[in-house]
Structures are given as structure tokens and as C-alpha cells.
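Going line by line, the protein sequences match chains W and C.
Note that full-length UniProt numbering numbers the first sequence so that position 139 is 139, with each residue one more than the last.
Note that full-length UniProt numbering numbers the second sequence so that position 257 is 257, with each residue one more than the last.
A few of these clues could be false.
[What the hints assert, rightly or not] Derived, one-sided and incomplete: chain W residues facing chain C with beta-carbon distance under 8 Å:
hint : residue
1    : Ser75
2    : Tyr89
3    : Ala105
Don't read these hints as lab results, they were simulated from the structure.
What you are looking at is a predicted structure, and each value in this text was computed from that prediction instead of being measured.
Positions of the beta carbon are idealized from the N, C-alpha and C atoms, including for glycine.
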Amino acid sequence: MATIEFRNVTRHFPGTHRAAVEHLNLPIEDGEFVVLVGPSGCGKSTSLRMLSGLELVDSGEILIDGKDISRARPSERDVAMVFQNYALYPHMTVADNMGFHLRIAKRPKSEIRQKVEIAAEKLGLTPFLDRYPRNLSGGQRQRVAMGRAIVRTPKVYLFDEPLSNLDAKLRVQMRGEIKKLQGELGTTTVYVTHDQIEAMTMADRIAVMSEGKLEQYGTPTELYDRPVNTFVAGFIGSPGMNFIEGAIDADGGHFHNDAGLRLALDGTFTPGRKVTIGIRPEHLRLAEDGFGANVDLVEPTGAEEMIVFDIPGGQATASLRERNNLRKGQKVGLTAAPGHVHVFCGENGNRLEGRT
Amino acid sequence: MLLRKMPWPAFRGGVPTQGAGAPAGAAKASDNAGPVKLIGLPLTWAFVAFNIFVLVWMVMSSLKTSSEIFEVPWNLPEVIQWENFVIAWRDGNFSRAVLNTVLLTIGTAVATIAVAAPAAYVLSRFKVVSASPMTMYFAIGIGIPAQLVILPLYAIMNQFGMVNSLWGLWVLYVATSLPFAVFFLTGFFASLPGELEEAAMLDGASAFQTFRIIMLPLARSGIVTLAILNTIAHWNETIFALVFLQTDDRMTLSVTLLNFMKAMQYNNANWGGLFAGVCILVLPVLAIYLWLGRQIIEGMTLGADK
Ligand SMILES: Nc1ncnc2c1ncn2[C@@H]1O[C@H](COP(=O)(O)OP(=O)(O)OP(=O)(O)O)[C@@H](O)[C@H]1O
Ligand SMILES: [Mg+2]
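Modelling step: build the complete structure from the supplied sequences, incorporating the hints.
This is how it looks when you write it as C-alpha cells:
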């Protein structure tokens, strides 16, 4: 049981031109599953490692249960980490790997054995306890790495891209299992990934980072429905949001671009203001009275069709549920409900809300 | 580099293969069949054949009489002269020398590793400013020939009263072994993944526990290689032993053989006995090579790769 809080945490590696993590503020509640997500190099691992104590904190504080632990040794923080490459001790059996922390803590052998067996049972590792890591599949190694963490019953679990070495199918299965396990154990968890689907499916709250800064922190639905800027808007959702640059009409209630595309907006905005609008592919739909679009590419995925359209002033991807039998070159009308059109400032990309 | 074969088998499980690295590496490995191979292969075989021939001839000669050796050098011995070995062992004072050499050799290997392994681990891992100059310093030590420092060393050892002492020689052996040992093991430790230490750190292990329980066992193949190379080097070592040892009871095998050779030259040379002496020196080393050769090569190439 533990709360975590990053307070103004900065880490600047010597000899690099920008801070790896800059003024990070991130409160995490007891029992919460928080995912740090963002493109490569945005500082996710650095944040996690500062929390674990494997990386120095230059300034700011990290609190666990209200106590600043940013200068404490890793072993004093009572956190368990699952590494991307699992970091299993190759010369120890699965049981010894899982019991290593307890062995170092000088717990009695019988207690270690018992706890390891309970954890192994939970993870379906019982038949493998006497094997060496080299004789396990990737998925099983992954489980051992998790087993090593849960045997300890620490205050906090940390995961750094734990699934990235698994194949797609196993990844989906494991992410479900991790989520379920965390729910059962109720232990506060910080999970790093660059995969936004992983983030969306697993997280209670997601922290989206970019270039060392926190862009947005919220529930998956908040991030999806109300991204605070074009970065988050483009990062969350797959395929990514369509962006169209242009300006607000004189009436304040419509968007248009130079190529003649025009769309109704939700609420009113400053007339003439330069903006970028964003529409998710799943929110575009065919409509007689919509703006003109030409089919460029049709990609059926089975459940839906991914269609790339040439639209006035660029391209847009739509994912359509119903089968429309569209062919390349075909001319159709496209539209999106005003509530599904996100408006961002044309200069800094921040979200704009219309007045009602 | 990703494709490098890991000699410690336990390790393969720990690091998942990086699929992306494979095609590039594989292409590289297959295109070295050029002129080097064409000339190199026969040359290597010629060299091997020559060495085997010399060895066989040496063993054969050690079982012949002196006159046989000169009159029919290529024939097998008429009657096998086992007593050549008895003569060498007894007259050459070999029994004492073998004991001295075994103790000295093992003692040197053990002490060298006991000092070099922790030193190398620290140099490879702890990012202190002085780490890389210190590694360089050790590397430079490898290049200094023993002959060059033998006189000053003699003066120093004399002051400490450690001339004509097996302990003194042991100190010298360990000291002169360290540069290569530290350099070799630094490369070895550097090739082990750092995540393991981080995992151990979070598991609550101290730096020393991490070294002893995690890193040392993983570096086993490097350490064994080093031990073998070190043992062979000191089993044969002559220069220091010749200069620093004086009395018969403290001689090592190589010096004893040298003295035995001198003695043989004066009294009506027993060449069979002499060859027997050489065999006593050489065959144990050869046995070690045959027994652990694979291990040595794997350990060496890993070290060289870094
Ligand atoms: N030890 C280090 N020394 C110098 N710079 C570092 C170090 N570790 C990380 N960095 C830099 O800090 C930035 C953040 O790195 P970090 O590893 O936290 O990224 P990440 O978000 O985890 O990325 P990825 O998804 O690729 O793992 C990067 O620009 C990286 O190059
Ligand atoms: Mg990372």
C-alpha cells in the first residue's frame, strides 16, 4: 500500500543538451496502475529509474507514502522492478531467482520456499521452479521476472517495457494477466511503455511524456476524448488522429481551409483564428452533404475498413465499420460530428474549447 | 557484436536474442574465404604437424639410450628405457622441484585471481573518473618485458630479504601477472549485462554480495581461462626463477631442468635422461591444454572481442 508523488523532479545527464526529465509533477494514488507512455527518448525509463533509485535525481523530490526517498538507496525504497530483458540471474534456478530478495534479507529457508511456491502457483510457474532461465520460453521468463517482484510483496511495482520482447499474441495475453494480477494484489504500479494501446488497455491513469516533459496526465478516456494538445492527440489512438490546418470562419462556428474544406465546430471560437483541427479516423463518416473526398487506398482489416482519402488540402484516414465497397478513385462526401472535431491552436498546438 | 557466441552456457538464457541484429551480422561472418584462408590453412597445418612431430620425437627419445638417439634418431626405441625418467627424477633433484613448482604455480594463480577479479570488476563497472586511466595503466604493464626490470627488482627484493625465497618469487609472479589479468578480466566483466546488477541492487544485495553471488559466477569461464594461462606461464617461467632462486631446495622445475642439462653436458651426456627431464616439464602443460583447450580459446576470444 503506497502513494507516490513526483514533485518537480528533474534529471539532466551531464554532457547532454537537454534534461532527460524536466520538472516532472506526478501524483499517484494508492493501488493505482499508472502508465508512463511516450516516444523513444522522452524520459520514461529515466523517471522510473529515479523512482527505483537506480538513477540520480538532480532536483525535486520523490515521495513514497509522503516520505521523500529521492536520496535513499534502492534497497531502502521497497520497490520491485521488472526489466525489459527480465534480468534473470542466469546461473540460478527459477525458484532461486524468485527467492533472491528474501535470501538476501536472510529470511528462513522454509519461508522463502513457501512464498516462492505461492507466487509460482499464481503465475503458473510451479512446474518450472527447478529450471534455469535459459530453458524457458520468453513468456515464461517474463513470468519469472514478475514472480521475483511479487514474492517480495513490495510497496510499489515498476515495469519498464516488460512485454516488448514478446510476440504480438503473447503480449496481448500478458498485458491482461499483469492487469489482473495487479488488481488482485492492489499494489501501486508504475508501468513504462511506448505502446499507446498497452497504455490505454492497462492504465488507471496515463502520463504522456515528450522530450522530458509531462504533456498530459489522466484516465485513458480523458486522454482520448480531450487531449490537451496535438502531441497527445496524435499519440493516443490508432491509427492516429487526422490533422487539418486552417482557420475559424467569420461566424466563429465553422472551420475552413484554403482548399475549400468546411466543417461545423462544437461551440464558437475567435473568428479568423489560425487553428488545426483533429478528427479521429473512427469519427469520420460518409455523408452526401459532407466535404468532397477521393478514395486513395482501401485496407480491409476484417472488422472494419481503413480508407485513405484525398481531401481538400491533404489526406485523411477513416476507419469505417459498414462495408461500403469503395474503390480507388471513387468520389464521396465525408463529415464528422461537431463534437468529434478537436480544435487546437495553430501556433502552439494547445487545445481550444469553444464557448457555448 | 550481437551475434557473439557466449561461452558461458548459463548465460544464453538471460539475454534474449536481438532479432534485428541477425541479418547484418550473418552476412559479415560468411565473407572471409579469401586469400588469407587459402594460404593460412596449409601454413597452420604445417605448423601443427611440425609441433606434433617434435613432441613425438621428444617423447620417443626420452625412452631411448643415448647411443640410440644419435645412431637411429628416427626409429622407435629398441627396449623402452623407463629408467631415464628415474634418473632424471633422482639425479636432477626433480621431486623437490616439482613440489615447489606446483605450490608456486597454484599459489600464483589463486592470488592473482583473488586480487585481479575484484579490481577488474570495479574498473569495468564503477564510473569513477580514474577508472579508464587505471585500466590503461594496467594495460601498459603488459608491455614491459621482464628482462628490463629484473635488476631493479633484484635490488628491491634484496632489501626486503626476499631473494632466494619461494615467497619472494611468489610475490613477483603475482605482481607481474596482474596487468594482464586485470586487463583481461575487465573486458570480461564489461561484457556482462548491467541489468543484472541493477536487479540485484533492487533485491537488496550489497555491492560485494552482487559481485560474489551474481557477477563472479557469471565470469567463471573468463576466470578459468585466466587461471589456466597463468598456470602454464609460471610452470615454465625461467628468468625470474633463475635470477632469484639460488639453493637447490628452493628450485623450480624449469631451473632444475637447466641445471640438469648443464650437469649432463659435463659427465658423459645421458641424452635419454635429459629428454626425460624435458618431458617431465612439458607433458603436464600439454595435458592441461588438451583437457581444457576449448575453454581457453573461448575465454580468449571473448576477452579479445571487447
Ligand atoms: N546514462 C545516460 N547518460 C546520458 N544520457 C542518457 C542516459 N540515459 C538516458 N539518457 C538520455 O535521456 C533521455 C531519456 O532517456 P530514457 O531512457 O528515459 O528514454 P525512454 O523514454 O525510456 O526511451 P525508450 O522508449 O527508448 O526506452 C534520452 O535522450 C537519452 O538519450
Ligand atoms: Mg526506456
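- [ ] Closer than 8 Å between Cβ atoms is the bar; does W/Ser75 clear it against chain C? Give me holds or violated.
- [x] holds (4 Å)
- [ ] Please verify that hint: W/Ala105, Cβ, nearest Cβ of chain C, below 8 Å or not.
- [x] holds (6 Å)
- [ ] May I ask you to test the interface hint for W/Tyr89 with respect to chain C, counting a Cβ-Cβ separation under 8 Å as satisfied?
- [x] Interface hint status for W/Tyr89: holds (6 Å vs cutoff 8 Å).
The earlier numbered hints are all upheld by this structure, with none contradicted.
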